[in-house]
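K.L.:
For reference, the chains in residue letters:
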Amino acid sequence: MAAVPTPDSPVAERWYRRHAGLVRITHWINVVCFSLLLMSGLQIFNAHPALYVGDRSDFDHPTMSIRAQQSERGIVGETVILGHSFDTTGMLGASSEDGQISRRAFPSWITIPSYQDLATGRRWHFFFAWLLVLNGLIYLAWGLASRHFGRDLLPGGVELSHIGRKIREHLRLRFPRGAPAKRYNVLQQLAYLLVIFVLFPLMILTGLTMSPGIDSAVPQLLTLFGGRQTARLIHFVAASGLVLFVIVHLVMVLVSGVWNNLRSMVTGWYDLGNPRTTDVR
Amino acid sequence: MSGDRLHRRGLLKALAAVGGFAVSGCDRLASEPRFRSVVDAANSLTYKVQRLLIGADRLAPEYSEADISAAFRANGSTDPQDKEYLDLAGNHFADWRLKVDGLVEHELSLSLEELRAWPARTQITRHDCVEGWSCIGKWTGVPLSEILSRAGVRPEARFVVFHCADTLDDGGEFGVDPERIRYYESIDLIDAAHPQTILAYEMNGKLLTVPYGAPLRLRLERQLGYKMAKYIMRIELVQSFADLHGGRGGYWEDRGYEWYAGI
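Which chain is which? The protein sequence lines are G and W, in order. At position 265 of the first sequence the residue is numbered 265 (the numbering used here), and the sequence of numbers has no breaks. At position 225 of the second sequence the residue is numbered 225 (the numbering used here), and the sequence of numbers has no breaks.
Chain G extracted, bound-state conformation:
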């Protein structure tokens, strides 16, 4: 690829080294950590599938709960959010496990282990939590030192003013090629900033707030989040936000040139397309 490109040769314009090595490595480690944290987290959630606000659990009035009930048509799964009940049989509350309908909040295909095992779920969760935090710290340190955040992620005033146009372009699945594709667009920038500086820190801090040991060292966390059970609720909501991000992220990867995107996140090299036709596809 781009062996000895001269500044004005078309080849130099075609291949662009889009992602630094450290971004690529930390990205894929994060993929592994987040997937396993999510699945082991749902295993942990399944041990008590109800969320509350405050310091203590008011078992009769959870903010959200997933449960199973016996009805004339067998076991039904029910999800209750703020007093509103939804039938979620097959997915939440009751789902098939080894070909049999069983009572479990999240289905077996999305938990680690697939069967009910809180102890193993916790072990995996804390192992990958450590890995995620160390990986994240390396990324943060590098991002600050290399000015990656300021240069690539912080939107400028001009970019912010184009936000409406960018949303319309995204909805019509139109993505820039050529030189404009070298930079993250403003929607990417905002999404990545939200994930890196809001959702992941929220996950880590609310996770720590659930630790009785940490609560004695840093009781301010309880004040910050409004109690251990609220922290647990926020942990769940922020995780849902991350799942939503991943879904949108994957859809965008798929529709904006899947091989080009994958190649650039593995090797770093992104194909800007033929420089003579730098149109918006």
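Please keep in mind that the hints were generated in silico from the structure rather than gathered at the bench. Note that the Cβ used here is the ideal one computed from N, Cα and C, for glycine as well. Just to be clear, a hint being listed does not mean it is correct.
Which residues of chain W face chain G? A partial, calculated answer using Cβ under 7 Å [to be verified]:
#1 V49
#2 L52
#3 R58
#4 G262
Over the 10 Å line for every Cβ pair with chain G, so calculated as not near, a few chain W residues [what the hints assert, rightly or not]:
#5 A94
#6 L112
#7 S149
#8 R158
#9 L189
#10 F241
#11 A242
#12 G246
Knowing the structure of chain G, use the given hints to seat chain W on it.
P.N.:
Only chain W this time, still in chain G's reference frame:
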């Protein structure tokens, strides 16, 4: 374009296959001993870092009377059917004695009456279950440090083991329990010396009732509920857990849970 779509469909299929393999692989990995020991390393790291961070005497948050849970959930054993226990309970624990032995200078045998005459501590604290829920209760009891200082801990002792009266009937689910083992737990000497580590005989201003561990239970406020042994019969000072059932220091620990439950 159609080639692109084929590529995409192929990719999705591949991803689904990898996903399916990953899930079944995770189950297999989870039971693989070498992988388990790698994953377990994270727990020793948590233990060391939390010990560094917290300091020996940092108190767990205490709450006000208004915060006390109206319905405190009782978990684990809530109504032991062990004959020895039923006999003691039938007589309001008048014949119950707390034995303190193992690596101590003086073995002790203490009645509830004696314990209640000793200096007591009352605390309103949050109880966090490993399952995820929390309840708040008021506990009164003797600081464990008081008992240990009267017994005199020998220098080679490293852990305090609690032997309980209840057989937690798990229906053999964990396959370790053919002879119906009674509950047991252990803590280190740092936690044993902590001011909030008490052996409680009162809950919410009343004598401890059976579901909550009568006549005496441990309160260990910087760790999870399963560490807080109920129905305590005997306290033993030991150097290691090697001879204690599965060797991991507690009933649930021998069934896969972490010995350090500060997280």
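K.L.:
Indicate, hint by hint, whether the structure satisfies it.
P.N.:
Tested hints:
| no. | hint | verdict |
| --- | --- | --- |
| 1 | V49 | 9 Å, violated |
| 2 | L52 | 10 Å, violated |
| 3 | R58 | 5 Å, holds |
| 4 | G262 | 3 Å, holds |
| 5 | A94 | 34 Å, holds |
| 6 | L112 | 28 Å, holds |
| 7 | S149 | 23 Å, holds |
| 8 | R158 | 19 Å, holds |
| 9 | L189 | 17 Å, holds |
| 10 | F241 | 17 Å, holds |
| 11 | A242 | 21 Å, holds |
| 12 | G246 | 13 Å, holds |
Hints 1, 2 from the earlier list are contradicted by this structure; the remaining hints agree with it.
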